[in-house]
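*Asks:* Given next are the chains, with one letter for each unit.
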Amino acid sequence: MIPSPAFTACPGCDLLLQKVEVPAGKKTYCPRCQTPLYQQKTNSVTKVLAITICGLLAYTPAIFAPLLTLDTMGMSQSGSIFDAFLNFYHHQYYFVAVMVFLTSIFFPLLKLSLLFSVALQIKLRIYTPTLPYLLRMAHHFDEWSMPEIYLIAILVTIIKISRQASIHYDLGFFCFLFLVLTTIASAAALDSRTFWRDIEKMKSLPLENLSHGQ
Amino acid sequence: MANKSASRDTAMAAGLMRCHDCGKLVRADNAPQDALLACPRCDASIHYRKFDAIPRSWALIITAAILLFPANLLPIMRVDFLGSQKYSTIMDGILYFFHSGEYGIGLIIFIASILVPLFKIIGMTLILLSIRFKWKTWLRHKAVMFRFIQFVGRWSMLDIFIIALMSSLVDFGTFTSTQAGPAATYLTAVVICSMFAAITFDSRLLWDA
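In order, the protein sequence lines correspond to chains H and X. Heads up: the first sequence begins at 1 in our numbering, then just goes up one per residue. Heads up: the second sequence begins at 1001 in our numbering, then just goes up one per residue.
The following block holds chain X by itself, in its conformation from the complex (with noise of 0.2 Å):
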C-alpha cells in the first residue's frame, strides 16, 4: 500500500479490512488491493475501501446540483380554487407561510427543501475537493460535516410527503384541489441522488490523503 507511512495506525495498514455490514475486523495481508473477498461472518464482499467511491459520489453530486434548478424554478404544486389555477414553486410555497405569520413551519420547509440540499451538494463538493487537492486542515471538522450529510439526507424527503398528504386530502372537485407539479419529480431525484452519493463516499479516504 502506498500511503502506509501517512497513516500507520489504521486497518488498512495493518492488513486487517472492517466489513462495512457487520463490522468484523477481518485479517487479509496476501490479498490483493482489489480482491473479491466476503466477510466470513456475514458474507458480505469485503474491501479496504468502497471501490470508485470518488467518481461514483462526484458523479451523483453532478447529478443532484443540476436536478437542483429545474426542483426550484419548476412548480411544485397547483392548487386549483373555485376554477383558477395557482401554481407555486418550493420558495412561493414557504414565502406564503412567512406572509400568513407562520414562521415556524415556514422555517421547517426552508431547512429541508432549500438548505439540505444545498448544504449537502456543497458539503460533498468541498469534501470531494479537499480528498483531491490533499487539504491535511480541519479533517475532523469534514468528518463531522460527512455525517451531519448523511444523517439529514432525508429530511429533504418531507415537501413530498406534504404535497401527497395535501393532494389526498384537500379535494373537494371543482370547489378546490391541490395537485403536485413537475418539480416534485426533480426533488424526489435530488434526494435520490444526493443520499446515494454519500452511501457510496467512503469516509476513510478524507484521512488517507
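Bound conformation, chain H alone (with noise of 0.2 Å):
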C-alpha cells in the first residue's frame, strides 16, 4: 500500500481531491457536496495544550460543587450534576442514568484528557504506540460528550423554577459554564490534520522510537 500525499479524498462523498495550500483562517468545502474540508489553525497543539489544562483543572468543582441552591418557603435545595445523575440512579431509571453519567460527566473528561495527553506528546515529541488510539478515541467519543447541551438545560431549568423559588448561583455554576467553553474552544483549536500529519513525522523517525526504550 503506497500513501499518495498529493491528494485527498472528500469524507462526505469521497470525491478525488488534489491538495491544495490554504492560507491560515480560509476553509476549503468539497465542490460536490460542500462538506467542509479544511481548516488550518495556527498553533493548534500549544492552544489545545493549554486550553485542555485549563477545562480538566475546571472540571472537578464543575461536577462535584452545586450548581444552584433555590430558596422557597423556608427551604432550601442545592445540587450539583453529579447529583443529578445519582436522583436517576435511585430512582431506578439506570438506564437513563449511564447514559446521563456517560455524557455529560465521563465523555466530557474523556475528551479533555485524551485531548490532552495527545498535545502533550507531540509537543514533548515523544510517540509511544498508543498515541494514534488516543486520538482516534478522542474523535470517535467527541459527539457522545455533551457538556454544551447540558449547559442548555441549566439555563432552561433556571427560567423554569424561577417563579417558585429565589436562586442563588453557585461554584459549580460557574466552573461548568467555564468547563463549556473550554470544551468548545478546544475544538475549534483542534487542526486533526496536522496533530496525523505530527504523529505520522515522530512514528517515521527511529530516534523518537529510541527515546521510549527499545
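If you're looking for bench data, these hints aren't it; they were derived computationally from the structure. Hints may contain errors.
Here are the simulated DMTMM-like cross-link-like pairs (lysine to aspartate or glutamate), alpha carbons at most 25 Å apart as the crow flies [what the hints assert, rightly or not]:
id : chain 1 : residue 1 : chain 2 : residue 2
1  : H       : Lys19     : X       : Glu1102
2  : X       : Lys1142   : H       : Glu21
3  : X       : Lys1050   : H       : Glu143
4  : H       : Lys123    : X       : Asp1043
5  : X       : Lys1142   : H       : Glu143
6  : H       : Lys19     : X       : Asp1043
7  : H       : Lys19     : X       : Asp1052
Take the two lone chains and join them into the complex the hints point to.
*Replies:* Dropping the structure here:
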C-alpha cells in the first residue's frame, strides 16, 4: 500500500481532490457536496494543550460542586451535576442514569484528558504506540460528550424554577460554564490534519522510537 | 468495482481508501472489496465504504421510529405537589410553557425533543430510500441534510438533562418534588439509536448510486 500525499478524498462523497495550500483562517469545501474539508489553524498543538489544562482544572468543581441553591418558603435545596445523575440512579432509571453519566460526566473528562495527553506527547515529541489510538478515541467519543447541551438545560431549568423560588448561583455553575467554554475552544483550536501529520512524522523517526526504550 | 463508470472521479474508482479516523489516503489497488486492511498511520480498519451501512442504518432508524411512540405517549415527568401527583408527557411540558407565556423556552424544547427526532427519522428514511431506488436528484441537498442530521442529533438529550436537574433541585420532600417518568428511558433510547444510525451510515453511498 503506497500512500498518496498529493491527493485527498472528500469524507462526505469520496470525490478525489488535489491537496491545495490553504491560507490560515480560510476554509475549503468539497466542490461536489459542500462538506467542509480543511481549515488550517495556527499553533494548534500548543493551544489545545493550554485549553485542555484549563478545562481539566475546572472539571472537578464543575461536576461535584453545587450548581444552584433554591430558596422557597424557608426551605433551601442545592444540587450538582453529579447529584442530578445520582437522582436518576436512585429512582431506578438505570439506563437513563448511565447515559446521563456518560454524556455529561464521563465523556467530557475523557475528551479533555485524551486531547491533553495527545497534545502533550506531540509537544514533547514522545511517541508511544498508543498515541494514534488516543487521538482516534478522542474523535470517536467527540459527539457523545454533551456539556454544551447540559448548559442549555441548566439555563432552561433556571427560567423554569425562577418563578417559584429564588436562585443563588454557586461555584459549580461558573466552573461548568468555564468547562463548556474550554470544550468549545478545544474543538475550535484542534487541527486534526496537523495532529495526524505530526504523529506520522514522530512514528517514522527511528530516533524518537529509541527515546521510549527500544 | 461495478459502478466505476458512474463515479469515475472518486477515490474508490482510483483504488484509494480514505481512512475514516485520520483521513489518510491509502492505495489498495489489489485488495478485494471486503479485505481487512489497517491504516498505516493510525491502525484503524480501512475500507472503501462502511460495512453493511445501509441495513444497519435501516435497523436503527426503524427501532428509533418505534421507540418514538412510547417516548411521546408515556409521561416523562411526575410532579408531586402537596400530596397530589401530576404526570406530564413531553407535549404537556411544552404546552405548559406556551400557556405561561414562555414561548422561547417552549419552542426550544419543542424543537429539541419533538422536531429533531422526527426530522432525523424522516430525513434518514428519505436518504436510505433514495439510495434503494437510485434517485439521483437533489444529491447535494441530501448531503447537506445528512450533515445537519449528524449535527442536531445530540440535542434531543436536552429534555433528559432538564428532568435530571429538575428532579435533583426541586425536591422539597412532601411539599413538592419532581421525578422522571417512563418516557425518559424511551427518549434516551431514541437519541442513542438515531445517533448510531447516522454513525453507521456512509454518506458516500449517496453519490455511488
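*Asks:* Please flag the earlier hints that this structure goes against, numbers listed from lowest up.
*Replies:* Of the numbered hints, 1, 2 and 7 do not hold.
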